[in-house]
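Chemist: So the chains spell out like this:
2 protein chains.
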Amino acid sequence: SLSHTQTPATALPAAEVLTLDTMNPNIKRVEYAVRGPIVQRAMQLEKELQEGVKKPFTEVIKANIGDCHAMGQQPITFFRQVLALCSYPELLNDNKFPEDAKDRARRILQACGGGSIGAYSASQGIELVRQDVSRYIVRRDGGVPSNPDNIYLSTGASDAIATMLKLLVSGEGPTRTGVMISIPQYPLYSAALADLGAIQINYYLDESNNWSLAVGELRRALEAARKHCNPRALCVINPGNPTGQVQSRQCIEDVIRFAAEENLFLMADEVYQDNVYAEGCQFHSFKKVLFEMGPKYSEKVELASFHSTSKCYMGECGFRGGYMEVINLDPAVKAQLTKLVSVRLCPPVPGQALLDLVVNPPQPDEPSYSTFMNERTAVLAALAEKARMTEEILNKVPGIRCNPVQGAMYSFPQIQIPHKAIEEAKKGQAPDMFYCMTLLDEMGICVVPGSGFGQRDGTYHFRMTILPPTDKLKIFLAKVKEFHQRFTERYS
Amino acid sequence: SLSHTQTPATALPAAEVLTLDTMNPNIKRVEYAVRGPIVQRAMQLEKELQEGVKKPFTEVIKANIGDCHAMGQQPITFFRQVLALCSYPELLNDNKFPEDAKDRARRILQACGGGSIGAYSASQGIELVRQDVSRYIVRRDGGVPSNPDNIYLSTGASDAIATMLKLLVSGEGPTRTGVMISIPQYPLYSAALADLGAIQINYYLDESNNWSLAVGELRRALEAARKHCNPRALCVINPGNPTGQVQSRQCIEDVIRFAAEENLFLMADEVYQDNVYAEGCQFHSFKKVLFEMGPKYSEKVELASFHSTSKCYMGECGFRGGYMEVINLDPAVKAQLTKLVSVRLCPPVPGQALLDLVVNPPQPDEPSYSTFMNERTAVLAALAEKARMTEEILNKVPGIRCNPVQGAMYSFPQIQIPHKAIEEAKKGQAPDMFYCMTLLDEMGICVVPGSGFGQRDGTYHFRMTILPPTDKLKIFLAKVKEFHQRFTERYS
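Listed in order, the protein sequences are those of chains P and X. Under full-length UniProt numbering, the residues of the first sequence are numbered 1 to 492, in order. Under full-length UniProt numbering, the residues of the second sequence are numbered 1 to 492, in order.
Extracted from the complex, chain P is given alone in its bound form (with noise of 0.2 Å):
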C-alpha cells in the first residue's frame, strides 16, 4: 500500500515486504538449468548414499556443468606454482619452485598495488595483464592488432557478457532491445536477457547439418524480430555450447557480413578456443575473421569477443578469471562501460594473475616448459579421445543420434522418447525432464534436460560434459545405453 498507515509501535503490520508477488518480476523469469532441479535431486542423492540409503547404484555420476577439476582434472603445475608465489611471497626465497615461476610471481606482485594480489586493481584489470592479454590475441590471429585499452578483465566470461549486454538494453514495447542467440543456448543468455528485460531472439543451429550456423536462418529470426522489438545484437558461441560444434572460417564469414548489413553488435563467446578435436576442423576468432575482410568491416562491425580461465585445458573455473576484447567500440560508450565495471572495484585479483599466466604460459627456454606442454597436451588429447568415444558410444544406441563433439565439452545427442512417456511426464514436467530425472533416479547419471538449453519443438535432447575420467565416462554411457533400451520399453 502506498498510504501511509498510522500503525501504533504495538500493532506491527502482518505484511511481509518481499513476496513472490512483489519482488522484481523479471527474476522470476530467469532459469539455469545447469543448476537447476536435477543437480538439486543429484545432491539429494548424493547425501542419501553417504547417509546409507539403498539406492540401484553406488555413486552419482555428475556431467551436469563443464566442471573439469571436479570431474578429477589435475591443475596446470606452473600456474598453481605461480599463484602460490604471488600468494605467500615469502616462498620467493624457497629453492624449491623454478625459476621460471618465480619470476612471473615477481612480475605479478610489480604490477599491483603495494606489491600485494589483497590490493584493488584498475576496474578494467591490471594493465599488465592486459598487455599480456593483447599480446596473445595478436599471436593467436596471426598478427592481426589488438589494444590493450580494448580489453576488460572480469569475473569469468559470464560476467563480461552480462556486462555487455546491460549496455545494449534500452527502448520499450516495440522499441525494445532484442538480442539474436542460438538454439540450443547456454543458458546464461536467456538469464541474462530475461534479468533486463531485453528481448531473446531465437535462430535455430542445423541438428541434420552438425549444429551449423546459416545466415538465411538469421535472416528468418531477424525479420520476424523486427516485428515487436528492436534487434541489436547478434551472439555466437563457437565452439558450440552445448552443441559441440566448430564453426567453419567461411560460417564466420558470413555471419560477420549480416551483422555488417542488418546493423547488429556481434557477441562472440570463445571460451572454448583450444577445446577444437576433430580432424579438419580449427579455431577461428571473430577478431580475427573480422580483420581479414578489410576495412570495410574491420573499421565497422562492432564485436565483443569473450574467454575465460574456466575452460581450454587449464579448467580453473573456481578462480573466476576471464577477459572481453571490445572492437570499434563507440569511444563515449567505452567511457561509460569503464565507469560500469568501477563501481565492482576489480575482477578478483587471482583470476587476473591466473590469466596472465594462460596469456603467457612458460616459453620453449625456460624451465617450466616441457612439463607444462605435457600436461596441456594431455588433458587436451583425453578430451579429444572421450569426445571421439562419446559420440560413438551413444550413436550405437537405438533412439539416440548425436553429432560429432568437435570441440568445446559437450554432446547434445537428440533422444527418442515415446509417446507414452510423452504423456506421463505431461503431467508434470517436460518430457526431457521427466526423461533425465528417472535416468538419474534410476542410474545415478546426472545430465540436463535439452528443453533448458532449448530445441526445435518435438524433439527432445539432454546436455553431457565428456569430462568424467574415461573409464568413468564408459561406466556413464553404457549406463546411459541401458537405461534409454529400458525406458523405451517401458513407455512402449
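Keep in mind the hints are simulated off the structure, nothing from the lab. Note that the coordinates shown come from a computational prediction; the quantities given were computed from them, not determined experimentally. Just to be clear, a hint being listed does not mean it is correct.
[Claimed, not checked] The calculated lysine-lysine pairs, modelled on DSS-like cross-linking and capped at a C-alpha distance of 30 Å, are:
id	chain 1	residue 1	chain 2	residue 2
1	X	427	P	339
2	P	339	X	47
3	P	334	X	427
4	P	55	P	396
5	P	426	P	47
6	X	426	X	396
Got chain P; can you put chain X on it based on the hints?
Modeler: Same frame as chain P, now just chain X:
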C-alpha cells in the same frame, strides 16, 4: 530504424549500433566518484612524474579508496600461508608451514570439488565455509542462532548488496520501488539504484551530532517519498562510510522499530565491523539487536546483513570475498535468490577460502595464534592511532571541521570554500570537485569530493581514507592544512 532495409551487400549502413544515444539510459545515470575523474587525473599525474615531468610534489598520495594493501598494510601471514597451500597442495609436504595452516588448507580442499580451489563451488558458496560463517556470527552475537542456509557467499560485499537490491525492485511510476539510503552514502548504493532504475530516497545523517541517524529524519524522508514511489527498503552503513561514525545500540533499535512499523526491508552494511576505534564505541550487529528485541521483531523484520574480506584488519580487497546473511526472507524468494546467483556459477573460490579463515582464525591452542594476534592487533592499533591523528590535525585547520573517526577507515571533513572559489568552480564543476582537483594538482594529494557521496546543499566535504602509513599520513595532513590556507587566501 525498425524497418528491414534491403541494403545491397556493397553499401553497408553507416550507423553505429551502440552509441551514447542508444545505450542503456540507466547506465548513463550511474556515478561512482571513488574511481571517478579525480582518480583518473591522479593516475595521469603519476605517469607524468615517472616520465620526469616537473611538479610541485614528488609523489601522489592517494587516499581516495579503502585499498589497504596498496597503502602498505601487510597481509596476515596465516591467511596467506593457507592460501598458498590451497593453491599448490604439493606444499602440504613442506615442513616450513605450521601445522594449523596445513590443517585449515586440507579442510578447505576437502570441501572443494575434486579437492581443488579451481572447481566451481555451490552457487551459494562452499557449504563448509557457510557453516563456519554461521558459527562466527553466533560467537560475534553472543549466541544468537544463525543458519548456514541463510548465508550466501559473494564476490565482495558489493555483489551481494547489488543482488539484494535487484530482487527488491518492481513496479512502475508511483509504484516503483524506492530505497532509503543515508546521505552521505557509499556510492555503490546510488550506482546500483540508478542501474536498476529504482528510486533513491535520501535521509540525511546529522553532521552536528557526529553523523548520527535520527528516526525523525527517516520518517520525514519516507513520508515525502511515499508521494511518488513505493519505499520498500532501508539501507544503513555501520560503521559509517564515508562518515566514520559508529551507531549506538539505541539508534539501531530505533531503526529496527521504524523498519518494522513502516514495513521496510532492512539492509545492514557491516563490512567495517572490526574497525571500531573510539573509546565507548562498540559494534552492534543489526542481527543481534533484532533478536534481543524479542520475537515481535525477530520473527518479522526482513534483514540482510553484509560482510567482506576487504576491510577490518585483513584488508584483502583483491580476493573479492564476502557474504550476506538473510533473516526472515520469504522461502519462495530465497529459492529465487538461489536461482539468480546460480547464473553466475559461484563466487571466486580463493575469496571463499580466505573468508573461511577470517571467520575461523587461529585459536589460542594453535601454533599460529600469537603471530596472528600480534599482526591483527598491530593493524587495528595503527588504524586507531591514525583515526585520532586525522581528527586532531584537521580540526586545527581554520575552515575545516571534522567529526571523530569512531570507526571504519574514513574521515569526511567539512570544508569552508570561499564564495569566489564557488563562483570560479561553477563555470564547470561542483565547488568541492574544483577544490579537490586543485588540491591534487598543487599538492599531489588525492581525495574524493563530498558531492560524490552526497551532502546537504551549501555544505562541502571531502572523503579521505586514514590508510596511508603514519609518517605519510602526517605529511598528507600537513599538506591539506597548507593547501586549505593557501586556497582560502587566494579566493578571499
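Chemist: Please go over all the hints and tell whether each is borne out by the structure.
Modeler: Hint-by-hint comparison with the structure:
no.	hint	in the structure
1	427/X - 339/P	24 Å, holds
2	339/P - 47/X	21 Å, holds
3	334/P - 427/X	27 Å, holds
4	55/P - 396/P	28 Å, holds
5	426/P - 47/P	29 Å, holds
6	426/X - 396/X	28 Å, holds
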